[in-house]
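Based on the provided sequences and hints, a complete structural model is requested.
If you're matching them up, the sequences are chains A and B in order.
Residue numbering for the first sequence follows our numbering, beginning at 25 and increasing consecutively.
Residue numbering for the second sequence follows our numbering, beginning at -2 and increasing consecutively.
Since the hints were made in silico from the structure, they are not lab data.
Quick caveat: nothing in here was measured; it's all calculated off a predicted structure.
Note that beta-carbon positions come from the ideal geometry of N, C-alpha and C, so glycine has one too.
Don't take every hint at face value.
What the hints assert, rightly or not - Computed footprint of chain B on chain A; a stretch qualifies when at least three of its residues, placed anywhere within it, have a C-beta under 8 angstroms from a C-beta of chain B:
id : region
1  : 28 to 41
2  : 248 to 259
3  : 382 to 391
4  : 432 to 444
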Amino acid sequence: MTVRVFIPGDAAAVAVGADDVALAVTAAARRLQAPIEVVRNGSRGLFELETLVEVETSAGRIGYGPIYAHDVPSLIEANFLEGAPHPKRVGRPETIPFFRRQTRLTFARCGVIDPYSLDDYRANGGLSGLERALGLRSDEIVESVKASGLRGRGGAGFPAGVKWETVARANAAQKYVVCNADEGDSGTFADRMLLEGDPFLVIEGMVIAGLAIGATKGFIYVRSEYPHAIAAARRSVEAARTSGLLGAAPGGGGQAFDIEVRVGAGAYVCGEETALLESLEGRRGQVRAKPPLPAHAGLFGFPTLMNNVLTLAAVPFILAHGSEAYAALGYGRSRGTLPVQLAGDVRNGGLFETPFGVSLGELIDDIGGGTLSGRPVRAAQVGGPLGSYFPRALFDTPMDYEAFTARDGLIGHGGVVVFNDTIDLAQQARFAFEFCAIESCGKCTPCRIGSVRGLEALDRVIAHENTDANLAVLNDLCETMKLGSLCALGGLTPYPVLSALKHFGGDFRTARRDTGGSGPDR
Amino acid sequence: MIDEPQFEPWCATRASEIIAGGSGTQDQLLPILHALQAEFGFVHEAAVPLLASALNLSQAEVHGVVTFYHDFRRSPPQGPVVRLCRAEACQARGARAVEQALSDALAKSAETKTPSNVTLDAVYCLGLCASGPAALVNGRPVARLTGPRLSQWIEELIA
Chain A
25 MTVRVFIPGD AAAVAVGADD VALAVTAAAR RLQAPIEVVR NGSRGLFELE
75 TLVEVETSAG RIGYGPIYAH DVPSLIEANF LEGAPHPKRV GRPETIPFFR
125 RQTRLTFARC GVIDPYSLDD YRANGGLSGL ERALGLRSDE IVESVKASGL
175 RGRGGAGFPA GVKWETVARA NAAQKYVVCN ADEGDSGTFA DRMLLEGDPF
225 LVIEGMVIAG LAIGATKGFI YVRSEYPHAI AAARRSVEAA RTSGLLGAAP
275 GGGGQAFDIE VRVGAGAYVC GEETALLESL EGRRGQVRAK PPLPAHAGLF
325 GFPTLMNNVL TLAAVPFILA HGSEAYAALG YGRSRGTLPV QLAGDVRNGG
375 LFETPFGVSL GELIDDIGGG TLSGRPVRAA QVGGPLGSYF PRALFDTPMD
425 YEAFTARDGL IGHGGVVVFN DTIDLAQQAR FAFEFCAIES CGKCTPCRIG
475 SVRGLEALDR VIAHENTDAN LAVLNDLCET MKLGSLCALG GLTPYPVLSA
525 LKHFGGDFRT ARRDTGGSGP DR
Chain B
-2 MIDEPQFEPW CATRASEIIA GGSGTQDQLL PILHALQAEF GFVHEAAVPL
48 LASALNLSQA EVHGVVTFYH DFRRSPPQGP VVRLCRAEAC QARGARAVEQ
98 ALSDALAKSA ETKTPSNVTL DAVYCLGLCA SGPAALVNGR PVARLTGPRL
148 SQWIEELIA
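Okay, structure coming up:
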């Protein structure tokens, strides 16, 4: 009997040798004349375990990890194809606390199924959202999304249903659905994982969006830094066309829908929706002034629904299980689940999908298990490079859009980067300006010039030149950038800077023993 | 030893073929630029007027796009292309030390008779944020660049 062996093809697994592991396992099985089928699944999302090799047995899937190619001979010798004991055997992955404690709605299939098998997708609950949607009027679909309380997962947290309704009501000959997969925030990888591990879910979400707003064409804009996700998006779109999930009548419905995959070119600002539209149109990725909203005049001037990957991917669940089931989870006005991404110096780094409301400290200390290096946690940056640095004193903040805003922070796309006690927050604040200067699109003055001047002022502070006067300039400048920038890049760059100054002011006045931030040694 | 990426030498005829492969509308500009770079390793200056004419744009517009996006090279890369992540999550895992170690090794190699060619680019996040420090080498991801893994990686890179 053929044994199914799962070896992730996710970029994070490939980056630590998953392709070599797959080759070694295949070669060994051939030598033993053991019939196996290697499935390149996505990652389940606990990256310290990668490469996590799983074997399908009568007792369920048994995992072994982290496996390098040089571990394969001993795995074979231990008879892992029957799920036998081995020092790296981790048992059934679902029983590992990191996975057991999650509520996976969006990531239910990621790491479990063969990402390119539509049969696998359907057998695990896929397409039931689309089937429901096909039986509804477009305004009923919009109503479901509204009632679920789903908010945009790209960062701004704008109510998704309101956006859908705006585009649905716009009167135009052509409308577009754009899936924003330009996931540029450091510390985030949920879009990448999902595109690589369960791409049909994103396609299903886009098809439903097309039905809701009356669009027949969609684009997935993936950043070029994600070669695996680009390949996955293209391959799954092709497979969806072949099987009829895309084309003249997706899912057997009456409205055509097709998707084109487009690739970014290394500009962080293109994650901003109007810059992304410019980029899709073949121009420099410069931010557009609003109004008009993209919902009224977006891509090529037509009404455009742009949502983040995770927003669109949440929709099939909402349609399949009902708005109430989604809205029943969450905290305050943040409904449903948030795929939290634990990153940086953290022991259990990875994807942790959970209802809103879990505290930052619980995520870092309890679920994350503290640092991987074993050093004390000093700070966490939440929400990407434009997010605030939180000290331990604020670790009681619940994951909730409003709670983070109240503490001068933001959830953004759900990334949490953990830093140990060797980090110098003055250097991190400096990096925030440096990054903004590199990535500014140049359209508005506060961002284009403010980032450069901010960097200069901060360098003088770090060099202890007229510290108080330069700090006053810095605060003033940050205020101008916050209020005067055209988009979030300039508008939010002050957040990491000001939070570092507020909570870690000492780092700006005395030189710390280490400026680098040393990570875990292996 | 890491293989160098193989690119075709610049050829205006081949470039024109690639450019003609699109629909001739402006939104094809980025896909074409990616295709040109995949073929030749960079976007040759001589491609600008070809693109402008094919897409009905001014040369300034095309030049603006080529220079706006960090991805597009204007000269051929030398040796393997290393895109090393400099962003926060990798910083928290020791990326600054990787950057230092790699540039030290390259500087040292430059002193020898046959210096190794490596094109080192900064990149801000590869989505490998719980496995860093991370890099893309000729488009292939590598992570956990610490300790012996890092030394071995650098050794292979500049060998």
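Verification of the supplied hints:
Taking a C-beta to C-beta cut-off of 8 angstroms, the region 28 to 41 of chain A contributes 5 residues in contact with chain B, enough for the three needed, and the coverage statement holds. Only residues whose beta carbon comes within less than 8 angstroms of a beta carbon in chain B count, and the region 248 to 259 of chain A has 6; three or more means the coverage holds. Here the region 382 to 391 of chain A counts 0 residues with a CB under 8 angstroms from a CB of chain B, which misses the bar of 3, and the coverage is violated. Residue count for the region 432 to 444 of chain A with a Cβ under 8 angstroms from a Cβ of chain B: 5. That meets the three needed, and the coverage hint holds.
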